[in-house]
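My request is simple: use the sequences and hints to build the entire structure.
Residue numbers (our numbering), protein chains in the order written: chain A, 1 to 96; chain B, 1 to 96.
Calculated directly from the structure, the hints in this document are not laboratory data.
Any given hint could turn out to be false.
If you anchor each label on the Cβ, the simulated ranges turn out as follows [claimed, not checked]: (1) E53(B) / R26(A): 26 to 34 Å; (2) L94(B) / R26(A): 52 to 60 Å; (3) R10(B) / S6(A): 31 to 39 Å; (4) P36(A) / Q86(B): 20 to 28 Å.
Computed from a predicted model, the values in this text were never measured in an experiment.
All C-beta atoms in this analysis are idealised placements derived from N, C-alpha and C, irrespective of residue type, glycine included.
Residue strings, one per chain:
There are 2 protein chains.
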Amino acid sequence: MVERLSDSQRGALAETLPDWNMVEGRDAIVRDFTFPDFVSAFGFMSQVALVAESMNHHPEWNNVYGNVSITLTTHDAGGLSALDVQLAQRIQALLG
Amino acid sequence: MVERLSDSQRGALAETLPDWNMVEGRDAIVRDFTFPDFVSAFGFMSQVALVAESMNHHPEWNNVYGNVSITLTTHDAGGLSALDVQLAQRIQALLG
Numbered sequence: 001m002v003e004r005l006s007d008s009q010r011g012a013l014a015e016t017l018p019d020w021n022m023v024e025g026r027d028a029i030v031r032d033f034t035f036p037d038f039v040s041a042f043g044f045m046s047q048v049a050l051v052a053e054s055m056n057h058h059p060e061w062n063n064v065y066g067n068v069s070i071t072l073t074t075h076d077a078g079g080l081s082a083l084d085v086q087l088a089q090r091i092q093a094l095l096g
Numbered sequence: 001m002v003e004r005l006s007d008s009q010r011g012a013l014a015e016t017l018p019d020w021n022m023v024e025g026r027d028a029i030v031r032d033f034t035f036p037d038f039v040s041a042f043g044f045m046s047q048v049a050l051v052a053e054s055m056n057h058h059p060e061w062n063n064v065y066g067n068v069s070i071t072l073t074t075h076d077a078g079g080l081s082a083l084d085v086q087l088a089q090r091i092q093a094l095l096g
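Set out below in structure tokens:
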């Protein structure tokens, strides 16, 4: 069972994941990514997909041409968990 | 320059693309696809991505685990064009 982040873990989010924002009305984080074109955007999505599947933790995301928006939350936990932080950090690592 | 669909072309949409619906408030069509898991859903998205790039006509889409929602419209035309119908038909063909 995955647990929701504690208050202290939440307090650290702004420092740990400075480029992510809380989603209004949900216990979830979101980040928008912009690429020059669809090939770059979908290439990035393919990388994220492989990481997500390997973690068995998947994003909610949408794509329009070079724009990708990724929302992370843990349905099993009813909100943000350490899995979301880990996936966000691995996504950050993909960006090099 | 891509032109918006004519009235008669629009009239044929219900027959040509029976599984697609008009988006409320937009000149766009949408269809939801459900797969058993993320691997299947993202595999489908990868197929659509290759087709879309080869047509230089890209979807607006989102994915949550096994669910994929695809919206088609032609920004250059300010609404639905023949490109959207073609892409929808090629997506249908991918489903076998």
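Hints and how they fare:
1. E53(B) / R26(A): 26 to 34 Å: Given about 32 Å between the Cβ atoms, the range holds.
2. L94(B) / R26(A): 52 to 60 Å: Since L94(B) and R26(A) have Cβ atoms about 32 Å apart, the given range 52 to 60 Å is violated.
3. R10(B) / S6(A): 31 to 39 Å: The hinted range 31 to 39 Å is violated for R10(B) and S6(A), with Cβ atoms some 54 Å apart.
4. P36(A) / Q86(B): 20 to 28 Å: With a Cβ separation near 25 Å, P36(A) and Q86(B) satisfy 20 to 28 Å, so the hint holds.
Of the numbered hints stated above, those contradicted by the structure are hints 2 and 3, listed in ascending order.
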